[in-house]
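Visitor: One line per chain: the protein sequences are A and B, in this order.
Position 81, counted from 1, in the first sequence is what our numbering calls 81; the numbers after and before it change by one each time, with no gaps.
Position 461, counted from 1, in the second sequence is what our numbering calls 651; the numbers after and before it change by one each time, with no gaps.
In case anyone wonders, no lab produced these hints; they're calculated from the structure.
Owing to the predicted nature of the structure, the values given are computational and were not obtained by experimental measurement.
Positions of the beta carbon are idealized from the N, C-alpha and C atoms, including for glycine.
Please note that a few of the clues may not be correct.
[Claimed, not checked] If the Cβ cut is set under 7 Å, some of the chain B residues that face chain A in the computed set are:
#	residue
1	Q250
2	A254
3	G365
4	R369
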Amino acid sequence: MDPAEAQRIDELAMDAQAGNREAFRLLVLATERDLRCYIAVHAGSRESADEALQHTYVAAFEKIAQYRSSRTFRPWLRAIARNHLVDRWRESRRFAALDGALVDGLVAAAAEDTLERDEAEQVAEAQTRRLRACLELLPEKSRQLIARRYHDGLDLDELARRFRRPARVLSVTLFRLRQTLRRCIEEREA
Amino acid sequence: MNPDLAILVDRWWEGTLDPSGTQALAARVAADPGLRAALLADIAMQGRLGALLDDRDGGQVWLAVEAAIASAHSSTGAQRILDGRERPPGPRPARRRSAARGGPASWARRPALLIAAGMALASALVLWTGAPVAQRRADRAIATLVERTDTRIETGGVAVAEVTALAAGDILRVGPHGRARLRYADGSEVMLEGGAAVHLEAGQQDDGSGGQKRLRLEQGVVTAVVARQPAGLPMRLLTPQAEALVLGTRLRLAVVDGATRLEVIDGVVEMRRGADERVTVQAGESAVAQAGTALAAVATPAAQAAWGHDFEDGGRPADLMHGDVVPGPARAGSRFCVQGQVNPNEHGGAPLKRDIWFERPGAVLFAAPAELEVSFDCWLSGGSRLDIGVWDEARREALWRTEHAVPQGRWIRLTISCDDFRSTDPASRISVGDQIKNLIISAPEGAGALYVDDLEVGAGGARR
């Protein structure tokens, strides 16, 4: 992060610590995009991501006095979010074990493990930049399919109606697109 | 990845995979570690794509956060303004509506200042009315959210969190793998399954006593247990295709694939479509509202009302997941029983426990009859505690009964009735018609052996 930006955020945090809610609002606006990206990767669904995002900011509001101005406000927020997500995935794993939901349990265990390891903020930002660049390289029709699925949230049946293709075919196409994007990201990392 | 598998993965991710598909996917994942790794990597990529393409503006996020903070700290915000520690809100520019979704995705980020200016009015209103917002919500509450997992609550088009008081105008959206349960003041409950979306609407009248309950089911499945309603004020459950009027009953309502299906488990419900078509659906009957089909009540296909095993053929039942059929301790008139299998103990007791676990993959064991009773003979040695648990698919929760001071070293017969099973929610009970997915009998202090025989599940009085 830009040092001047980090300093500005620290100043807002100090104002918020003094009881200035407007300062906290500006903190939210300044940090929500990156925090939302971080949470959404680990949350598993949009509903969970929204819940976790709001929980994180409410917790940050309640604990703002504990933040020590050190230009680490974003990592501090991420730590709050990570702890909440870990707790949530642990509960989900217990739930899945009771229910015999093997796939849910596997996903919950993997998500918890990924959160425990946690990638550095710079790595996450770089991954997001690479993914954005790789999306730009896709043909227009492929970008449209990805957008309908992950921006508009359409399910397979609705996609099949819109694109006038069988759901099975679209499913394979989407999988291949995701593989293409993953390879593209890996090539850019190398 | 072949097409069959790709579509299973996609349907699982979006929460539309049916139980047989879930079972098929789970079986393939369990059998193939390489597939497991590929699946997890693919799901992570889907999460990244969702994160990247979510372009909702920060102002919406702030509104939701502010509402949540106001709800959690109902008097603090107003007090700070009064104390002069916060500036009162400034001028109120017109609110700018956020861009409609559905058009081609924009990869560009919106300037933060523009967002802040556009949302200033709404933010100012929320800042000024921090405490009253929370108070007004409590005053307007028509139901309480008593359980939520992976559920978003929207009010006025904005998602809010950390609220339990639900008001008219609220929308509950349950994620693919989530659940939610709301409860009215008269004890009526509505349980939302994964993928459900429900709108709470204002009733016919609001006289402070609760008025008429109205819920609009946009999609998905709900199960409702409705207390007796005032005369002339039935609970109204509306769907895109039909409306169900409920006076006091237990029912299941589903909106799936452009049709509404109503199943009445207990009581009577009137189902309506349009101005002229209506049908009365009694307990044990179902009705479907869909284009091209007349509205009619038919008998609901009978679910297995009773279940049990005596193990006398010496064979392993297909639904026995943990346990072994053995001769066991000698007993007149009985040749075989089932022995508990040693398993790691999650209960915090001795390192090992002994489990007997019945489950039918991809199906339910039985539907709970009226006055459910679970009876079985058991022999326990080592430890004196027995845990008996079921998974209630309708409620999406585990309910347990612990028997203490179980005599050791001899056969005894235990009978567990419906009300004995409890969950983490003290008010939760197994109800007639609930789909029971598994039954577990566990000796958590597993130094000795556990044997079970002549297992019966039935209506009250089921005994050998």
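Visitor: Using the nearest Cβ pair, does B/Q250 come within less than 7 Å of chain A?
Guide: violated, 9 Å
Visitor: Tell me if the interface restraint on B/A254 is satisfied: Cβ within less than 7 Å of some Cβ in chain A.
Guide: Cβ of B/A254 sits 5 Å from chain A, so the hint holds.
Visitor: Would the hint on B/R369 stand, with a C-beta cut-off of 7 Å toward chain A?
Guide: Where the cut-off is 7 Å and the nearest Cβ of chain A is about 9 Å from B/R369, the hint is violated.
Visitor: Against chain A, with CB atoms and a cut of 7 Å, does the hint on B/G365 hold up?
Guide: The hint holds - B/G365 has a Cβ within 7 Å of chain A, the shortest such distance being about 4 Å.
Figure legend: structure checked against the earlier numbered hints; hints not met, in rising order: 1 and 4.
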